[in-house]
Every structure is written in C-alpha cells, then in structure tokens.
Amino acid sequence: MAKVAFREERCKGCALCIDVCPKHILSITGTINRKGYRVAGCQDMDQCTGCALCAEMCPDIVIEVWK
Amino acid sequence: MKQVFARPKSLKDVPTHYCPGCHHGIIHRLVADAIDQYGLQEKTIAVASVGCSVLLYDYFDVDTLESPHGRAAAVATGVKRSMPDHFVFTYQGDGDLAAIGTAEIMHAANRGEFLTVIFVNNTVFGMTGGQMAPTTMIGQTTTTSPGGREPLKAGYPIKMAEIIANLEGTAYSARVSVHDAKHLMTAKKTIRKAFDAQLERRGLGFVELLSSCPTNWKMTSQEANKRVKEELVPYFPLGVYKDTSAKGDEQ
Amino acid sequence: MSKKILAQGNEAIARGALAAGCRYYFGYPITPQNEVPEYLSKHLPEAGGVFIQAESEVASINMLLGAAATGARVMTSSSSPGISLKQEGISYLAGSEIPGVIVNMCRSGPGLGGIGPSQGDYYQATRGGGHGDYRTIVLAPHSVQENYDFTILAFDLADKYRNPVIVFGDAILGQMKEPVELKNPRPKTFKKDWALTGAKGRPQRILKSLYLADGELVDHNWNLYKKFQRMQKEVRYETLLVDDAKLVVVAFGSVARIVKTSIAMARKNGMKVGLVRPITLYPFPTAYLQELAQRIGHFMAMEMCTGQMVDDVKLAVMKTAEVGFYGRPPGSIPTPNELYEEIRKEYKRIS
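Chains as they are written, first to last, in my numbering: chain A, 1 to 67; chain B, 1 to 251; chain C, 1 to 351.
These are computed hints drawn from the structure, not numbers from a lab. These figures come from a predicted structure and were not determined experimentally. Just so you know, even glycine gets a beta-carbon here, dropped at the ideal spot from N, CA and C. It cannot be assumed that every hint is accurate.
[Stated by the list, open to error] Which residues of chain C face chain B? A partial, calculated answer using Cβ under 8 Å:
#1 Val50
#2 Gln204
#3 Leu207
[To be verified] Some chain B residues flagged as far from chain C (calculated, every beta-carbon gap over 10 Å):
#4 Gln37
#5 Tyr57
#6 Glu168
[Unchecked claim] Just so you have them, the derived chain A footprint on chain B, three or more residues with Cβ under 8 Å:
#7 17-27
#8 218-230
Just chain A, with the same shape it has in the complex (with noise of 0.2 Å):
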C-alpha cells in the first residue's frame, strides 16, 4: 500500500518522473497549472509500490511519497 501527491503548483511539466517510474502509471494529466505547465500525476495509485524514484528524480521536489 502506498500513495504519492503532486504539489501541483510546483510541477513544471518536465516529464522526468514519468520516465523513471517502473510501474508506468504516471503520466501528463491534463491539468494546467497557474504558472503554465501541464503538470504531471499518478494515473494508477493501486500500482503504486512507494518506491520513490519518482520523487527522487522529480527537480522541483513535487511529490511526497507515503508508503
């Protein structure tokens, strides 16, 4: 069981955390932000294994990450 969330404001779209993740459940939402970006989300929390490479990687330090 575990969950990550998006400060969403923060996010600058850069996409690096969709690459990383080894469950392949993010991805760009859709969602714009107030500074522009089309920030980027978890498609599938069910899959979510709480590894935190999507954090890791993330520059902005968007995600928190409960496991």
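Given chain A, work out where chains B and C should sit, using these hints.
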C-alpha cells in the same frame, strides 16, 4: 502509512527559477540531503558561483557567500582556512570551473584544501544563453559555435574529473550523472564520499555531475535527459578516478 | 614601552598587519613588495595565523574575500600590475560590504613598465578602480613609520566601514630602511554581526552584491553612496609652512618626502612656499584646500606620473586659485634639486 520521501530540511520550500527538467534541482536536493544526513546545516558555509545556480542562497538554507565568476575555489579556500571546523562547499558550472576558474580549482586541489566541490557539467554556458563551454562536445551547436564545435578551432571538451584526480591534494574525484534512478542513487553515494574527503580531512572532494540543459540544447527535458545518457556519458566516462579513503578504489 | 627598530618599508607593513591583529594573508610574488609576503610567510604562522602564497593575484584577492566574509582581519599586497588583477575582487568586496586591506607598493607602468616607484595608480586607487560605483579609503604613507602606522589604521577603517581600504605606497617606500617605533596598539574590535559563521540558532546570512529585483540595486547603491559620504570625515593631511605661503605645493607619498627638502631650499632662498600633503588620497582634503584657496592664490601639484592627482587639486581650488603642475613620469626618482627648480620657476612666474 508513513512518509518515505520529503524535502530535505536544509533546502527551502520555495519554487526554483530553474528550467523544467534542469538537473540543478535534483543535484541541489542530493547535496542538501547529504548536509542533513551529516547534520551540517548549522556548520555549513556555501560558496555560490556565477551561472544558473547564482541564486543558490535562495534555495540552500545555510550561510552563503557570493563569489566572482570562476573564483569559488579560491574564495572557499579563504573561508575554510578561517573556519576550519565548518563545512565549506562550492557549487560550480562548467563555465565557472572549467573555463575561467581552472587555475583556482587546480590549485585548491593541489594544496589539498579541505573542501567539497560540486561541479555541474552540462556542456554549455547556461545562464548567459547557451554559448560554447570548455566541455561542449565536438559538433555541438551553441550560440558561439553555430556550425558545431570544431577541434581545430576550439579544442576538445575538457575532462575535469580526470585532471583533478591527478593532483596530489585531491582525496576524491569522481564523475556521475543523474539521468535515471540507478545513476541518481550512485550520485547520492558519490556526493557523500566527496563530503567525507573534507570531514575526514583527507583533502579535496570533487564530484562532476553530468547534467542536462534542455533550454540551451533546444530539446525537451526528456530528450535532454536522453542526450546525457547517449552522448555525454560515452565521452565523459562515469566512475571514481581517485579515492584515498580506507575503503577506496583507485581507477 | 614600545620597541624601536630599523626596518625596511615592506617589513614595516607586514609588522603593522600583525600588530593590528591580522591573522590571514594571501599574496603573490611581484617586485617591489616581495618582502611583505616573505616576512609574513615566517611570522604569520608563528602568530597562529595563515599564510598562503596563492597561484595569482586574482586568487589571493578572492581568498581574502572568503576569509574576510567570516569576520577575520585579512590582508593582501601587490604592486601595480597585480593590483589591476585584483580590481574585480575589490569591487566585489565593496559591493558585498566586506572589509579587507589591500597594499599597493606602486611600480611604474603602464603594462609591465618598470620596477621603480611611481604614483601612476592614483586614478585607479581613488576612483574605485574596479567596475561600478564605489570608493575605498586610500592611505598614502611617506615614511617607514607611516607604513607601519597606516597599515594598522587601514584595518580599523576597513572594519569600521565594512569596506576595502588601500594602503598606497611605492617601490622606494617599500625598499628603504628607517627607524620604526613599534607601537603595540590593542587592536580595535568590531562587532561583526554580518559575518558568515554557520547559521546556528539564527537565520541564514548571505553576503552578496547581486541585486536583481526592480529597484533593489538602486537602494543598495544609494546606501553605499551614503557610506562613502560618511567616510569623508576620515580625511587626513599634513600641512607645512602654509600660514605665510604664496605658493602651496600639493604632493603625497615619496614625492612629498623629497619635496620637503626642496621647500626647505626654497625657503632658504626667500621664497614663501608651503606644502599640503594628503594622507588620505580618498577622501582627498578637498574641503581644507578649498578653505586655503580663499587666501592663497597659487597651488602646485607635484606627482610622479603625468597628471592624476592634479585633477583633484584643480577640482578643489580652481574657482579661486591657480594650479601649476609638475608631473614626472616614473622611471627614475626626482631629486630635491629637480623639484626645487620647478618650484623656483613657478614661484618666479607668479611673482
């Protein structure tokens, strides 16, 4: 459930000015992590250099001194000699360290100053708009090498980690990248070893981190990340070039 | 009871630094000031301090920046070409409000020039020297005793104003030997609540000169300007025989030393000549000269270059007085006779 990943304490909770996908954000976090793990926040004096990371003090919550372009290793020498029990690090780009600051880093390493040097190599002068740097690859187009870097005119990209490793006073010199999870984890450990060189008073600890610059490479952040893996890593080999610690391996 | 010794000018500067509590020196060899780093390489570590012969003058001014940022008293020394190299660092010191003492034992220029004395760095020293709007206090000794005294004073002024201070000597002042009374002042201590000492129990401190937000740099520069206005009260000068003078020579440093003899010769021959010797080249004794020019109609600037200090003399007095000039490029030292001849000609012209 408990939180297994959080922002390091010594990194301020503020948005950064770095471009989307720029590796500075990752590297800042790895360095701040190490500062926290070693409990150094109150004893750290950072020396900021000139480049995209010039506003380092807005992100690292530690006493920070601005340095003129290229001079961080000399400035940090002055800081550390005056405050030998504090933790002093520099954070420099490839223009700062491998162009204008070459003398200063060579001699700080040669003197074996107890410093930790974080060298972010993205093969370009980022802040000023993408000019050619000493580490720009052959054929790479930049604003001052519009036809691509030619060795006869501009020489070859400089490999700093190897050069620094060859100086007596260097205790640790390594090159890493942060382009995927595996390499990022190695980078974490490597940064800590560069901290150890100072904390154990063995000499200068030097880490070169290959990094992307999507904006000036004119790529998406994912493409730029890929370029680090496919173009930079083959030319700038990753590895440890010098390690004087007890468990160290010399390459 | 202070000791009196025979000392070389450069050695006196090094001794002054130690007496002022300076425990960090970073420098580089260059004629004619090598005795400064050489003396300190031995005596600074003995005093528990740190000496580094850096890889360049650029590196040494930056090491000074680093150590001074932590609150230490730090000095560097060089001579003209090396001082040119330090200008970027000095500008950063001024912009970041970090104190430091920079000693320039001037030699002839421009370029590689020569190794003899010169006063041709006057503009560089008194107009900031590096880029941007800043000033540094400039102290100009004219004896080995003053080399010692003014070096100590430089540290106090640097700390008082959180600004770099220049000690402006030259090759002859560095090489000559004279008796020095080694007064041992208790070094003044200044509270340095701006220094970088590690953010323990307090918020982070940042020492920087970069101000990008709209209006920030305007404010910062006005604050610096106000500081340089406050620095005006540190003006110092020496006067000699001005009360009844018809002609007042203005000269500093080694030229002042030589011209004192020339003036004695002139007085012997019935000429009423006096001297104003600026001790601070910045702040220049403008107010005093202006006041003097109310009753004295003729001044004569004399310097070992083709004309730099003369500008400041003119700015001070030319509303009410005439300014003659004898500028002598460096390359050899003027004799008292040579300067006396120029004074005599000028005196004859104005009589």
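These are the hints, each one checked on the structure:
About 5 Å separates the beta-carbon of Val50(C) from the nearest beta-carbon of chain B, less than 8 Å, and the hint is met. Hint on Gln204(C) holds. Least Cβ distance to chain B is approximately 5 Å, under the 8 Å limit. Because the closest C-beta pair between Leu207(C) and chain B is about 5 Å apart, less than 8 Å, the hint holds. The Cβ of Gln37(B) lies farther than 10 Å from every Cβ of chain C, with a closest approach of about 17 Å, so its non-interface assignment holds.
A cut-off of 10 Å between C-beta atoms contradicts the statement that Tyr57(B) is not in contact with chain C; the least separation is 4 Å. At the 10 Å boundary, the C-beta of Glu168(B) stays outside the reach of chain C, the nearest C-beta of that chain being 15 Å off. Counting residues of the stretch 17-27 of chain B whose CB lies closer than 8 Å to any CB of chain A gives 9, so the stated coverage by that chain holds, three being the minimum. Under a criterion of three residues with beta carbons nearer than 8 Å to beta carbons of chain A, the stated coverage of the stretch 218-230 of chain B is upheld, 4 such residues being counted.
The structure does not agree with numbered hint 5 stated previously, though it agrees with all others.
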